[in-house]
Amino acid sequence: MAMSALLPATALHISVTTACFDDDQTEFPSSNLFAVAGDGIWDNGASCGRQYLVRCISTSERGTCVPDQTIQVKIVDYAPTTLSPSSAESTTIVLSETTFGGITNTAADSINIEFQQ
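Quick note on numbering: the sequence shown equals residues -19 to -1, 1 to 98 in mature numbering (1 follows the signal peptide of the UniProt record, and there is no 0).
Think of the hints as simulated: they come from the structure by calculation, not from any bench. Since this is a predicted model, take the numbers as computed values, not measurements. Here a beta-carbon is modelled for each residue, glycine too, at the ideal position from N, C-alpha and C. Treat each hint with caution, since some may be false.
[Said to hold, decoys possible] Simulated DEER-style distance windows between Cβ atoms:
| no. | residue 1 | residue 2 | range |
| --- | --- | --- | --- |
| 1 | Gly30 | Thr79 | 15 to 23 Å |
| 2 | Thr7 | Glu78 | 18 to 26 Å |
| 3 | Phe2 | Gly82 | 29 to 37 Å |
| 4 | Ser91 | Pro48 | 12 to 20 Å |
Throw the hints in and build the complete structure from the sequences for me.
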């Protein structure tokens, strides 16, 4: 799938999840490929349910990103409700553990990503 208009961003990895949809667990993808929106894409809640393609582009440690691996995620919540305020400020997207592990080779706390709706 061709990726155009990619935007550079940062993402953090956490394993805590919440929901946009009144805690309706059926809104979580069965694949566990979901994410939480930061202020940059939150759009006053309109991002709930949106699908994004995400790809790891760099980290502080070489070899962490899986080359050319892109994963589609569904937005399920707002980052300031799941992160500390200082972490949420600089985070564009918080990835589920499954998503994070799918685009990285090794453990990392934070990665730089490209994403596209």
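Checked hints:
1. Gly30 <-> Thr79: 15 to 23 Å: The hint (15 to 23 Å, Cβ to Cβ) holds, given that Gly30 and Thr79 are roughly 18 Å apart.
2. Thr7 <-> Glu78: 18 to 26 Å: At roughly 20 Å between Cβ atoms, Glu78 and Thr7 fall inside 18 to 26 Å, so the hint holds.
3. Phe2 <-> Gly82: 29 to 37 Å: This hint is violated: roughly 24 Å between Cβ atoms.
4. Ser91 <-> Pro48: 12 to 20 Å: Distance hint for Ser91, Pro48 holds at roughly 19 Å.
Consistency with the previously given hints fails for number 3 only.
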